[in-house]
Amino acid sequence: MYEKNGEKYFIVDAHIALWDGRASNQKNIHGKQFIDCFYDYHKNLSPEEVVWDYDTYTYYGGQRLLKDLFEDGYVDHAIFQPAILSDFYVNGFGQTEDALALTRANPGKLTYNHAWDPRHAEAGLEQLRKDAARMNLQGVKLYTAEWYGDSRGWKLDDPWSRRYLEECLELGIKNIHVHKGPTIRPLDRDSFDVADIDKVATDYTELNFIVEHVGLPRLEDFCWIATQEPNVYGGLAVAMPFIHTRPGYFAQIIGELLYWIGEDRILFSSDYALWTPKWLVEAFVDFQIPAELTEYAPITVEQKKKILGLNAAALYGLDVPEELRLPAGTVSREEAVAS
Amino acid sequence: MIAVATSLQSAVVAALATVVDPELDQPITDLGFVRSIRIDPTGVTVHLRLPTSFCAPNFAYLMASDAVDALRRVPEVGKVTVLLDDHHDSDKINAGLAADAGYVGTFGSEAEQDLDELRRIFQRKAHTAAMERSVMALLRSTGTTVEQLPGLTLGQLPGGSHKEALLRRRTAIGLGIRPDDLVLVGDDGVPVPAEAIPMRLRFAKAVRISVEGNAHFCRGLLATRYDNEPGGLITDTRRTT
Chain A
128 MYEKNGEKYF
138 IVDAHIALWD
148 GRASNQKNIH
158 GKQFIDCFYD
168 YHKNLSPEEV
178 VWDYDTYTYY
188 GGQRLLKDLF
198 EDGYVDHAIF
208 QPAILSDFYV
218 NGFGQTEDAL
228 ALTRANPGKL
238 TYNHAWDPRH
248 AEAGLEQLRK
258 DAARMNLQGV
268 KLYTAEWYGD
278 SRGWKLDDPW
288 SRRYLEECLE
298 LGIKNIHVHK
308 GPTIRPLDRD
318 SFDVADIDKV
328 ATDYTELNFI
338 VEHVGLPRLE
348 DFCWIATQEP
358 NVYGGLAVAM
368 PFIHTRPGYF
378 AQIIGELLYW
388 IGEDRILFSS
398 DYALWTPKWL
408 VEAFVDFQIP
418 AELTEYAPIT
428 VEQKKKILGL
438 NAAALYGLDV
448 PEELRLPAGT
458 VSREEAVAS
Chain B
104 MIAVATSLQS
114 AVVAALATVV
124 DPELDQPITD
134 LGFVRSIRID
144 PTGVTVHLRL
154 PTSFCAPNFA
164 YLMASDAVDA
174 LRRVPEVGKV
184 TVLLDDHHDS
194 DKINAGLAAD
204 AGYVGTFGSE
214 AEQDLDELRR
224 IFQRKAHTAA
234 MERSVMALLR
244 STGTTVEQLP
254 GLTLGQLPGG
264 SHKEALLRRR
274 TAIGLGIRPD
284 DLVLVGDDGV
294 PVPAEAIPMR
304 LRFAKAVRIS
314 VEGNAHFCRG
324 LLATRYDNEP
334 GGLITDTRRT
344 T
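Residue numbers (the working numbering), protein chains in the order written: chain A, 128 to 466; chain B, 104 to 344.
For the record, the hints were derived by calculation from the structure and aren't laboratory data.
Hints may contain errors.
Pairwise CB distance ranges (calculated) [claimed, not checked]: (1) A/G276 - B/P282: 54 to 62 Å; (2) A/K194 - B/G292: 57 to 65 Å; (3) B/G258 - A/D214: 52 to 60 Å; (4) A/D446 - B/S244: 52 to 60 Å; (5) A/K194 - B/Q216: 46 to 54 Å; (6) B/G292 - A/R289: 36 to 44 Å; (7) B/D133 - A/R231: 47 to 55 Å.
Positions of the beta carbon are idealized from the N, C-alpha and C atoms, including for glycine.
Only chain A is shown next, with the shape it has when bound in the complex (with noise of 0.2 Å):
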């Protein structure tokens, strides 16, 4: 919880990792290129004084996760997105075993998302099946640019990744996280390219699709479909930290969000350790649009609100404290349209 001004924030980090980018469990030199590049965005996005060095940037461990989300960042509940890249990695990137030891060990916390990937076909829907049980999973993080043999990446609506989709639903999987990332060899196409999103958005209106980094750098792609797809929705990883750096684009950015969108739909995160949440979560409540943007409308503590939790513990079902509810009465543009 964060407090300023007299108002109170329920904060809820959507997009964590606990990773190990150590030499050590580097499969390759790729595994180091992918961790440097973390760390420059991690060097050039923070606050100097945040900044962390590099060692501690490679492995940082769950106790100071802990540290970093609930004692000084200010969460309140947190969901692990872990991203696999085991032709990277020896133990893979993200630490699945820790991340779900940890999210045991804190009950009401964390929330700990898998990952499947299409391309493991039927014996990937059966690990599917036992994760789901194992796991409690409520959602999965999804990342179409990952290597695998000769294939240099997927689409969400090739006809494996519906059969996970509909197994999803059975499931009782509803959050569907999705990074559209660089991919890691050359691809013909776009391989930012949202477009699959439209599709099985409009197919599968039960399940809820995250884009990761709001389509970042395809702002504007993602903001069409998610215009005509009530399912979608905006995570601001990566795009948050903008606002220390690039304080007038990230103004833009979030205008055009909320234009777009609207602002139950756009869910606050960190992207954790790429960034810390003390820092954004602060800035994030001091911010304002300037005013020699007049185009677009200044935004409310409500909508702060929204999208610092209230959006994603929506989302997970999470228990928010009374007193950190909106007031009754308030109603969703949304739920006041359903109405």
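Model the placement of chain B on the given structure of chain A, informed by the hints.
Quick look at chain B alone, frame taken from chain A:
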């Protein structure tokens, strides 16, 4: 800016300045992607660099091969060598460039078709963003209203950098640049219906913000990655002045 001392140096830099990052819609010389230029009696060697090891290899290849093509058009340049540094696919891309293998030839079974369609996607985005910049500048600086936009022609746009940029991008996607050509057209040249103009401009704005934001991000990452090491250092052993 890259400092030049001879006409060959300036011709080489000018050639590189025609190479654009398709996604950011800015010249690689402005973005700092040109790491070094070496001119010797037999030719020119250019090293390129990118903000991360994982910048999409298709775009990386596109810029590097465009640089080769642009440099080869410089008179008296000699042998052209372009090398991409510090990329996860540097070896493969550099070997492909040296052998003139083309994109498909360079990446073999990993590539299915050439990059023309990918390039067109971003040329269309660049046109959309340039159109928005021109129209918004007009709305801000003159009494023109949104209602007057349906008949707006290129000839009615004030001259300047926005208009020049728009004309270049229209040319790139095959649209006309005559003074009586309409400004508000789709990527296919079909006029945007009057009632659709406000939404078209609104979407175009999102496109522009996206493109500009990516450029901010990439510039910042490049500076961090190379610890603010300036690019564009020229060494010239052919210099006669």
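Results of checking the hints against the structure:
Look at A/G276 against B/P282: about 56 Å separates their beta carbons, and that is inside 54 to 62 Å. Separated by about 59 Å at the C-beta atoms, A/K194 and B/G292 satisfy the suggested range of 57 to 65 Å. For the pair B/G258 and A/D214, the beta carbons lie near 56 Å from each other, so the given range of 52 to 60 Å is met. At about 54 Å, the beta-carbon gap between A/D446 and B/S244 stays in the expected band of 52 to 60 Å.
For A/K194 paired with B/Q216, a C-beta distance near 50 Å keeps the hint of 46 to 54 Å intact. Checked against the given bound of 36 to 44 Å, the beta carbons of B/G292 and A/R289, roughly 37 Å apart, stay inside it. Between B/D133 and A/R231 the beta carbon distance is about 52 Å. The supplied range of 47 to 55 Å therefore holds.
Of the hints listed earlier, there is not a single one the structure fails to meet.
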